[in-house]
Structures are given as structure tokens and as C-alpha cells.
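Trainee: The lines below spell out each chain.
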Amino acid sequence: MTGTGSAVITPEAARAVIRRGLAISAVALLGVAAVYVLALGFTPTEARQGLAQKIFYLHVPAAWGAMLAFSLVGIVSALYLWLHDPRLDLFAESSAEVGLAFSAVMLTTGPIWAKPIWGTWWTWDARLTLTLFLFFLFVGYRALRAAVGDRAERARYSAVVGIMGLLLVPFVHVSVYLFRTLHPQPVVLKPSAPSLPWEMLRTLLVSTAAFTLLYVGFVTTRYGIGLLAETKGGDDAA
Amino acid sequence: MPPEPPRNAPYMIAAYLVTAIILLAYAWSLWRRSRAE
Amino acid sequence: MSRLLPRPLRLVLAVAAKDLRLELRSRTALVSALVFAALVLVVFNFARDPTAVSATDLAPSVLWVTLAFASMVALNRAFHAERENAALDGLLLAPVPREGLYLGKLLANLAFVGVVEAVTLPLFVLFFNVDLGPALAGVVAVAVLATVGFVAVGTLFSAMAVRTRFAELMLPVLLLPFMVPPLIGAAQVTARLLAGRPLSELAGWLRLLALYDVVFVTLSTLIFPAVVDE
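Protein chains in written order, with this note's numbering: chain B, 1 to 238; chain C, 1 to 37; chain E, 1 to 230.
Hints listed in this document are in silico derivations from the structure and should not be mistaken for laboratory results. Just so you know, even glycine gets a beta-carbon here, dropped at the ideal spot from N, CA and C. One should not assume that every hint holds.
Straight line, CA to CA, 20 Å or less: simulated SDA-like cross-link-like pairs of lysine to any residue [as the list claims (entries may be wrong)]:
1) B:Lys115 x C:Ile13
2) B:Lys232 x C:Arg35
3) B:Lys232 x B:Ile9
4) B:Lys115 x C:Ala14
5) B:Lys115 x C:Arg7
6) B:Lys115 x C:Val18
7) B:Lys232 x B:Ile24
8) B:Lys232 x C:Trp31
9) B:Lys115 x C:Tyr16
10) B:Lys232 x C:Ser34
11) B:Lys115 x C:Glu4
12) B:Lys232 x C:Arg33
Stretches of chain B that chain E covers, calculated by requiring three or more beta carbons in the stretch to come under 8 Å of a beta carbon on chain E [what the hints assert, rightly or not]:
13) 136-149
14) 153-166
Here chain B stands alone, though its shape is the one from the complex (with noise of 0.2 Å):
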């Protein structure tokens, strides 16, 4: 059997790791219905973009976990090539499918929040070309999983890519930027102002923090998830 460094860990274990997971996701979750009424209802409406506005305070977060969930990823891989502890490697698995699910936010209330604000489902800035391209390679790592076989292996590779990944991001960056300092594109309404009024801030950094803690109790779950899964000796395959 490879993987050196796993304590064998007994069933017990791994389903107190998840009860402990979908408990902060329960209140994280909670937090995020509260944000909801407080985005909603107590938070001035932004005055020349309208109600479309009060996207921001979703969207901003999702993408911040899902950048959270990969630049983990990215550095658990580093990390697993270095030590080869298969836990590393079981938080990554957890973290990429976290993410994904961030990603869909993300890519879902990005172009909601585009069309009234900017005139158009899509545009190429450099905000929506990242949710793109974040939700490729998180597909891409999970399709690179589920084919191959050997758990080992799949570590290795996963990491290979969560790596290469990771390093992507700022050429995808730079690109486009550079790109769209040659092209600028028209603006139906100009996006949200330099300085947010201290609602607007405040409501921002709460739905952060919710969704902060909402990441660590779903990976926390599935990790434990995938822990109850290997005590079951199988190959979990994910």
C-alpha cells in the first residue's frame, strides 16, 4: 500500500470530522441567509446602477472563495510533492470541489450582474476571463481524477496540475489586461465607485466572512467525507 505518513484513521474519526464540517457549514450557511437580509434590506441602494447592484455583495465573495480554493490547491500541491502525505492530497480533492462549486457561483452572477450593468451577458475583462478560466481548470483536475486509477499516481498528477495551474493565473491576468488596455470596451454604466459608502463596505465584508467560513466547512465535510471513504479501504474515486 503507498502512502507512507496516514495515521490509520478509524471510521469514528472521520465521521466526527464531518459532523464537525456540516455543522460550520450549517451556521456558515445561516450567515449567508443573513446576509441576504441585510444586503437586501439594509444596504443603500447603489443610485445609477439600480438594485442589479446588490449582485456585488455575492459575487465578490464567491470569487474570493474560489481563488481561496485554488491558490490552496495550488500550494497543498506543492506541498504533497514535497512530503507525499495523502492527506495534502485528500485536501486538495476536497478544495477543488469546493471550489468548482464557488466557480459556479461566480460564473452564474457574473454575466446576471453584467447584462444590466454593462449592456452584455459577457464581456472579456479580466474579472470574467478568470472565472473562466478558474472553472476550466478545476474541471479539468477533477477529469484528470476520475481517470486514473492508482491512487498515487492521481496524487502526482493532480498535484502536477494544481501547480501548473496556480501559476496560470497571472499570465491569464496580464494577458488580458494588455489585451483590454488596447480594446477598451464600452461602459453601459460605470461599475462600482472608487470608495464604497461604509453599508455598502460593511455588507461586503460580512458576506466575506460568511462565505470565508462557508469554504471551511465544506471542505472540512469533504474531507471528512473522503476520510470515511478510505477507511472503507476502497478507492475513492471523485
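Once you've looked at the hints, dock chains C and E against the given chain B.
Mentor: Relative to chain B, chains C and E alone:
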């Protein structure tokens, strides 16, 4: 006279709805998988 | 092998030569890539309304989409030849440094894709009536820069993809996001060169492409051992 803000509430509603669906669906899938083991 | 060259370099060249010989013997990869490129060019030509869209507007996009997909076909086939011969396993038993193995493969793939591009470019000029003229040197330069970038990542990924199920699908799925920055740069520079802009104006893009090459060739070289070693 300041201009009227644009009427784009449906977009806001759509986005908030979609987000809730995605997050809740994922949470539910995690919960189901933790039960199934 | 010349005794004038240092041993690591000789090893790299030996690996490259072996790969190229293998590929040239079967020839399927080269032919399929070239046929593919020609077909894509033909389709592009018939897919537009010549009165509505001028060839020059579309030219950079057509060229780079064609080259991108042809390269992918070439890379895929190159590794298949190897898998069919279980050649990689034999190589791994030999005391060849893994990084040298990667660089050898990279050179072989570059030569291979280079041939595909060298044939596609004149075909493109012919089919699309593009006046390359003074822009030729610039286009070739940017083609080299971009190709090194995506072949570097492609060589690494095909080493992995070829050992997975759905290998044919896995390489494009993994590689395409990585091809985009070099492609954007190459297409933009080609467009401007065809429009008569001087190369000096494109310094930003060229620097980005060069940086991409340095980063990803280095990273792929360092990471390749993790792919082939247990």
C-alpha cells in the same frame, strides 16, 4: 434633479436565487454523501 | 555522439533524436497533423462570406486556431507512438536524469510541431492571399515564442495524459487553458504585424510571451520527474 435608478430588480432576484440554489444543492449533496457511507 | 559536447547535453540530444526517429518512422502523427491543418484552413475559407469579411481581418485568428489544434494533434500522436512501444519504461530504467528526458522530449516535440507550422504557414498564405512580406520575420519570431510555451506544457501533460483513461480527451482538456496566454499574444502580435505595425510597438506582448516560456519550461522541467517517478 438626480436621474432615476434603472429598474433591474429581476436580475438581482435571479442572481440571489441562483446562488442560493447552488450553495444549498452542494450542501445537500455533501450531507447525502455523508449519510451514504 | 560528439565528445565535444558535455554529457548532459549529449543525453538530451540522444533522447530527442530517438523520439524523432520513432516518429518519422511511423509518420502518422506528422501526416495527420498536416492534413488536419489543411482541412481547418479550407473550412475557415468556406465558412466566411468574402464580401462581408475581409481575409486580413480574420487571418490572425484563423492562423492561430489552426496552429493550436494542429499542434495538439501532433503532441497527442507523438506520445501514442511512445506508449505503443512501451518506450518510456525502457528509458526510465536507464540512468538518464529525468529533467534531461523532459528536455529531450521537448526538443523532439518542438522540431515536430515546428515542421507542422512550417508547412501550415505557407498554406495559410496561399489560401488566404495574405501578404506577409515585411511581417514575415516578426510572425516567425512570435510563432517560435508562442510554440515553445505551449509545447513545453504540452510535453509535460501528454506524459500524464497518455497514462490515463480517455487519453485523447484528457490532453486537450488539460492543455487548452495553458495555451490561451501564448495564443492571445501570438494572435495579437500577428494581427498588428499584418497591419504594418513595427515590432517595437509589440514589446509588451513579446516580453509576456518570453516570460511565459521561461516560467513554464523551467517549471515543467523541474516537475517532470514527479510525473514519471513513483
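Trainee: So, for every hint listed, does it hold in this structure?
Mentor: Checked hints:
1. B:Lys115 x C:Ile13: holds (14 Å)
2. B:Lys232 x C:Arg35: Holds. Lys232 of chain B to Arg35 of chain C sits at ~14 Å (cutoff 20 Å).
3. B:Lys232 x B:Ile9: holds (11 Å)
4. B:Lys115 x C:Ala14: Holds, because 12 Å separates the two Cα atoms, which is no more than 20 Å.
5. B:Lys115 x C:Arg7: Holds: Lys115 of chain B and Arg7 of chain C sit about 13 Å apart, inside 20 Å.
6. B:Lys115 x C:Val18: This hinted pair holds, its Cα atoms lying about 15 Å apart.
7. B:Lys232 x B:Ile24: The hint is violated at about 25 Å.
8. B:Lys232 x C:Trp31: Cα-Cα ~18 Å, so holds.
9. B:Lys115 x C:Tyr16: With Cα atoms ~15 Å apart, Lys115 of chain B and Tyr16 of chain C stay inside 20 Å; holds.
10. B:Lys232 x C:Ser34: The given pair, whose Cα atoms are some 13 Å apart, holds under the 20 Å limit.
11. B:Lys115 x C:Glu4: Within the cut-off at roughly 19 Å; holds.
12. B:Lys232 x C:Arg33: holds (14 Å)
13. 136-149: holds (count 9)
14. 153-166: The restraint on the region 153-166 of chain B holds, since 9 of its residues have a Cβ under 8 Å from chain E and three suffice.
Comparing the model with each earlier hint shows a violation of hint 7 alone; every other hint is respected.
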